[in-house]
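Q: Next come the chains, spelled out residue by residue.
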Amino acid sequence: MNLPQPQELIVRLAADIRPALGPDWAVVGIHTGGAWVMEALVRELGSDAPQGVLDIAFYRDDFSRIGLHPEVKPSHIPFEVEDRNILLIDDVLYTGRTVRAAMNLLFDYGRPAAIRLAVLIDRGGRELPICPDYVGLKLDLGARQHVSLVRDDAGTLSFVVREKG
Amino acid sequence: MTADLQLNADGSLRHLLTLDGLPARILIQILDTAESFISVAQREVKKVPLLRGKAIFNLFFEPSTRTRTTFEIAAKRLSADVVNLNIGTSAQSKGETLLDTVANLSAMQADMFVVRHAASGAPHLIARHVAPHIHVINAGDGRCAHPTQGLLDMFTIRRHKGAFHNLTVAVVGDVLHSRVARSQIHALTTLGCPEVRVIAPRTLLPRDVDSLGVHVHYRMETGLKDCDVIIMLRLQNERMQGALLPSPQEYFKYWGLTAEKLKRAKPDAIVMHPGPMNRGVEIDSAVADGRHSVILNQVTYGIAVRMAVMSLLAGSGVKPAAEA
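Those protein sequences? They're chains C and Z, same order as listed. Residue 41 in my numbering sits at position 41 of the first sequence; the count goes up by one each step and never skips. Residue 274 in my numbering sits at position 274 of the second sequence; the count goes up by one each step and never skips.
Treat the hints with caution; some may be incorrect.
[Said to hold, decoys possible] List time: in silico SDA-like cross-link candidates among lysine to any residue, alpha-carbon distance up to 25 Å:
id	chain 1	residue 1	chain 2	residue 2
1	Z	46	C	70
2	C	73	Z	49
3	Z	47	C	51
4	Z	46	C	149
5	C	73	C	107
6	C	73	Z	7
7	C	73	Z	76
8	Z	76	C	131
9	Z	47	C	69
10	Z	47	C	100
Hints listed in this document are in silico derivations from the structure and should not be mistaken for laboratory results.
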């Protein structure tokens with residue numbers, strides 16, 4: 001499968017988002033891939049919107065099945081969430097469970113005025129009623145196919161596609 | 001033996017009974033996880049939904065304010081249901097055995113026991129007899145161990161000093177009766193602290209002190225020299241049997257931490273104390289409330305560390321992740 005470079009998709013996303021992003025917006029990336037996309041997107045937009053990072057480990061719905069994620073990172077929201085417009089960013093949208101967890105986590109910081117969702121790839125397969133507002137690329141992947149975002153030491157993003165056996 | 005009891009077959013933590021023999025990777029995982037719970041405590045809503053539906057029983061067979069309260073807050077912030085049992089005034093005084101008490105509470109669908117007991121090994125005994133899905137945390141047993149206190153002390157040191165590999169740490173005072181000291185020494189050694197000292201009168205050192213891998217000092221003047229971290233221990237009056245010391249005043253004169261003695265440590269040294277403090281016995285008020293003191297930070301960090309331990313235990317031993 002040939003996928004475009006993540007940076008191409010970020011340029012595409014930025015063009016869609018630019019008209020909507022007002023001065024009262026904050027951007028929030030979901031750890032880890034979403035935070036990378038957020039950084040790249042903010043750079044592309046030349047935006048000085050406040051930035052936050054969420055780790056959803058404490059809000060996952062599969063804790064009782066798989067336990068705590070082995071590498072939890074602190075969430076960091078250095079701005080007031082109450083009444084704020086928030087652009088939530090993730091790398092790959094699949095079942096929608098991560099986004100559900102991220103929204104619950106955000107609400108424990110305050111009541112946002114609105115949350116919009118931007119993703120680099122929407123691969124289909126939703127299990128919850130969650131719909132992105134901004135999509136870099138729409139794919140139709142089977143349950144055994146996996147796509148993920150990686151970042152090398154130089155900070156370059158790329159996609160990795162795997163077939164699960 | 002204890003190591004087997006504490007760990008699941010996959011190497012994850014099943015019970016937390018002692019820091020003795022716990023691998024560094026587990027200690028570091030707990031400290032790292034606690035770091036994330038610190039960020040939770042800074043929010044408007046200080047709760048996470050992780051342990052929703054779980055029942056945690058605080059079994060305190062010995063009085064405690066700070067430890068019991070911080071365990072209770074930790075469990076509540078994880079959204080667990082907490083039941084506090086003051087065993088001194090309940091069934092045990094009617095003659096029920098420890099294991100019968102635990103069996104009854106298990107029948108009430110407990111998921112976790114937090115146990116403090118005057119008898120060394122009581123939490124181990126419980127851990128050996130509970131059903132596979134139940135987890136046990138030792139909140140202090142006899143003179144043996146107080147692992148969550150040891151962990152929160154390590155967390156405090158890492159937060160203030162960054163790392164362990166270049167530190168000189170002194171543990172001062174009643175090492176003989178202290179379960180805290182043993183937990184601290186095990187953890188410091190495991191985490192790579194190159195110099196751990198104990199400073200105490202001979203009568204307050206355990207006979208096996210040499211086997212702990214520490215440098216022994218009998219005088220504060222030499223022992224505190226160039227220390228980065230000073231951990232004061234409480235003089236355990238209620239555990240004293242026989243005349244190990246002349247008087248509290250005499251003790252303060254030689255082993256109490258004063259601003260004057262503190263000058264021998266590094267200028268940026270931190271002073272810790274597990275509480276409750278005997279002011280004017282092991283520590284002078286000017287030091288306890290002074291700029292080197294991180295004693296109240298320890299209490300705050302204690303909540304995050306206990307949240308980390310509870311959530312790692314509750315999530316361990318479940319089916320391994322197929323694909324996250």
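Q: Which of the listed hints are broken here?
A: 4, 8
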